[in-house]
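> On the provided structure of chain A, position chain E as indicated by the hints.
Chains A and E, in that order, give the protein sequences.
With my numbering, the residue at position 14 of the first sequence is 44, and numbering never jumps.
With my numbering, the residue at position 44 of the second sequence is 195, and numbering never jumps.
Don't take every hint at face value.
[Said to hold, decoys possible] In the EDC-like style, the derived pairs of lysine to aspartate or glutamate whose C-alpha atoms are separated by at most 20 Å in a straight line are:
id, chain 1, residue 1, chain 2, residue 2
1, A, LYS67, E, ASP189
2, A, LYS136, E, ASP189
3, E, LYS208, A, ASP32
No lab work stands behind these hints: they were computed from the structure.
None of the values given here were measured: they were computed from a predicted structure.
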Amino acid sequence: EDKVVQSPLSLVVHEGDTVTLNCSYEVTNFRSLLWYKQEKKAPTFLFMLTSSGIEKKSGRLSSILDKKELFSILNITATQTGDSAVYLCAYAGGSQGNLIFGKGTKLSVKP
Amino acid sequence: DGGITQSPKYLFRKEGQNVTLSCEQNLNHDAMYWYRQDPGQGLRLIYYSQIVNDFQKGDIAEGYSVSREKKESFPLTVTSAQKNPTAFYLCASSMDGRGEVRETQYFGPGTRLLVL
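Bound-form chain E, shown alone:
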């Protein structure tokens, strides 16, 4: 089945620790995105990538890093510099091109990050 997978479902981080969230898609989509969702808030963009080996900062990139070495994968690292990492993290992808297909983003099931 085609789709987007995220792992783990839950992740616990200790103080000063870097943790990496996985995002994989087999939809052959060019663009991938990471969003953060806090209670009562909309989704906020952390990083996005429109093509392999290229990525751009979103609105709240501080304390996070990403890589895009393969089309299918877009891992997000939450570094120790991110002082308030507790949130629900959503990965999304969309097909490059024009029109409705490009605009529509499909989401993975999310990873909930908690700080110990």
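Next up, chain A with everything else stripped away, as it sits in the complex:
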């Protein structure tokens, strides 16, 4: 059975800290891995990764994929209170075309 495992499940840091969120996957037909940020409502798209070793960056956020070891990380540098959210990792590759989500990492950034 395909699955996506995120760690840690929750994390509390202080403003200015750097955090690394982990996502490992066991899937049979990998096409891509996606990261979303979910605050109160809808998940918002952050990154999509398809190739190993190529880092994607957007401001203070960056992500990289290792297809050999079957994991991805999401880095956030110089965290701010506005980064507090649940970060979801999802794999795309099933025959249904849907995304298979991990349970998420809840990040809390304290002032």
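Below, chain E alone, put in the same frame as chain A:
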């Protein structure tokens, strides 16, 4: 503005009642999806539709029904057969095709369903 809208924001269901959640998109996306999110859980797929007048069951379709009569709309009905409907329901859409555009799903703001 382009986007996905869901209504209502909150919905209360009585025992034995069917309720319908609305999802509309003006992104011209071909594919639409319904997910359910429970506390501490990831999103689980209920139903999806890749084209008008066609839809497929996801992992947890029992107790739910959908229709796709128009490209823009994908309503979800929670029937009385769904014994534990209290959850946060998210609708998503993606463009058909290949590559990154197809894989990326965009989400509506969600509907929170509560049982009275």
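> For every hint, state whether the structure bears it out.
Hint check:
Between A:LYS67 and E:ASP189, the direct Cα distance comes to roughly 17 Å. Compliance with the 20 Å bound is thereby established for this hinted pair. The straight-line distance between the Cα atoms of A:LYS136 and E:ASP189 is roughly 14 Å, inside the 20 Å bound, and the hint therefore holds. A distance of roughly 17 Å separates the Cα atoms of E:LYS208 and A:ASP32; the hinted pair therefore holds under the 20 Å criterion.
In summary, the structure agrees with every hint in the numbered list given earlier.
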